[in-house]
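The working numbering puts the first residue of the sequence shown at 1, with every later residue one more than the last.
Worth flagging that the hints you see were computed from the coordinates, not collected in a lab.
A few of these clues could be false.
The following label-pair restraints were derived from C-beta to C-beta distances [unchecked claim]:
(1) R169 <-> T201: 26 to 32 Å
(2) Q69 <-> Q215: 44 to 50 Å
(3) R176 <-> K206: 39 to 45 Å
(4) A211 <-> E144: 40 to 46 Å
(5) V163 <-> V102: 25 to 31 Å
With a straight-line cut-off of 30 Å between C-alpha atoms, the simulated DSSO-like cross-links for lysine-lysine are [claimed, not checked]:
(6) K81 <-> K122
(7) K238 <-> K147
(8) K214 <-> K107
(9) K12 <-> K108
(10) K122 <-> K58
(11) K214 <-> K113
(12) K107 <-> K42
Glycine residues also receive a C-beta, built at the ideal position from the N, C-alpha and C atoms.
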Amino acid sequence: MAAPMDHLSTVKHVILVLSGKGGVGKSTVAAQLALGLKQAGKKVGLLDIDLCGPSVPKMFGLDGQDVHQCPEGWLPVYVDKEQRLGVMSIGFLIESRDDAVVWRGPKKNAMIKQFLSDVVWKDVDYLIIDTPPGTSDEHITVVEGLKAYCPDGAILVTTPQGVSIGDVRRELTFCRKTGVPILGIVENMSGFACPCCGEVTNIFSKGGGEALAKQAHVPFLGCIPLDPNLAASLEEGKNFLEHYSSSPTFTALNHVIKRLMQVDRDF
C-alpha cells in the first residue's frame with residue numbers, strides 16, 4: 001500500500017485568519033487577501049474550515065460546484081482557468097447551502113484533518129486558512145495539524161469597537177499559548193468609504209486595532225473601511241479588487257497585502 005502523500009509540504013507560506021468573534025468580516029478579509037496575492041502574481045489556496053458557516057464559495061461565485069478526486073486526493077475548486085487560486089470548503093460537500101452542519105467536535109475535527117491532509121494544493125505560494133470565530137476544538141486541531149509545517153502565523157481581524165477588541169485579546173492569548181506567530185492585526189470596518197466621492201467617514205470608533213497592536217507589541221497591518229461595492233461584489237461573486245481600484249478600501253486592502261508579503265520576507 002502506497003504511503004499517503006504530504007500535500008502541505010509543497011506549500012511555501014501558511015497563514016491563518018482568526019477572529020475572536022463572528023461578524024467582523026474575517027472571511028471577507030481572507031477572501032480579499034487570497035485575491036490580492038493572486039493579483040500580485042502568487043499561486044494561492046484558500047481553505048475554509050468554518051464548517052458551520054461556510055461563506056467562501058458564495059464570495060467567489062462557486063455555489064453548486066463539486067469537489068473532484070484524483071489519485072492523490074481532493075482537488076480544490078479553482079476560481080480561474082489558469083488555476084492560480086484554488087478554494088476548498090465544506091460548502092462544496094453538502095447538498096444544499098441551506099443544509100446545517102450539525103456535528104459534534106470529533107466529526108468536525110476529523111473533517112478538518114482530512115482537509116489538511118487530502119487536498120492537493122499543487123505547489124501554492126500561499127495557503128490562507130479561514131477559521132471559525134473563537135478559540136475552540138477546530139482551532140486546536142488546525143494548529144496541531146500544521147505544527148510540523150511551521151506556519152508563518154496568524155492575522156487577527158477585529159472591528160474598532162471595544163467588544164471586538166476584547167475578544168481579539170483572547171485570540172492573542174490563544175496564539176501565544178499554542179505557539180502560533182502573530183503576523184499582525186487588521187482593523188476591518190474602520191470607517192465608511194463613500195462609493196461616490198471616496199471620502200471615508202468614521203461611523204464607528206477608530207484606532208482600537210492599532211492601539212491593541214501597540215499594547216501587545218505585534219504588527220498593525222492596517223485599517224479597511226466599509227465599501228458598499230465590496231459587499232455587493234461578495235454577494236455577486238465578483239472580484240472587488242479588479243473593478244474598484246479607485247476605492248479607499250482597495251487602497252487599504254492593497255496596503256495590508258503588501259505589509260503581509262513584507263512580513264513574510266522578514267521570517
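Consistency of the hints with the structure:
{"no.": "1", "hint": "R169 <-> T201: 26 to 32 Å", "in the structure": "holds (27 Å)"}
{"no.": "2", "hint": "Q69 <-> Q215: 44 to 50 Å", "in the structure": "holds (47 Å)"}
{"no.": "3", "hint": "R176 <-> K206: 39 to 45 Å", "in the structure": "violated (26 Å)"}
{"no.": "4", "hint": "A211 <-> E144: 40 to 46 Å", "in the structure": "violated (32 Å)"}
{"no.": "5", "hint": "V163 <-> V102: 25 to 31 Å", "in the structure": "holds (28 Å)"}
{"no.": "6", "hint": "K81 <-> K122", "in the structure": "holds (15 Å)"}
{"no.": "7", "hint": "K238 <-> K147", "in the structure": "violated (34 Å)"}
{"no.": "8", "hint": "K214 <-> K107", "in the structure": "violated (39 Å)"}
{"no.": "9", "hint": "K12 <-> K108", "in the structure": "holds (26 Å)"}
{"no.": "10", "hint": "K122 <-> K58", "in the structure": "holds (23 Å)"}
{"no.": "11", "hint": "K214 <-> K113", "in the structure": "violated (35 Å)"}
{"no.": "12", "hint": "K107 <-> K42", "in the structure": "violated (33 Å)"}
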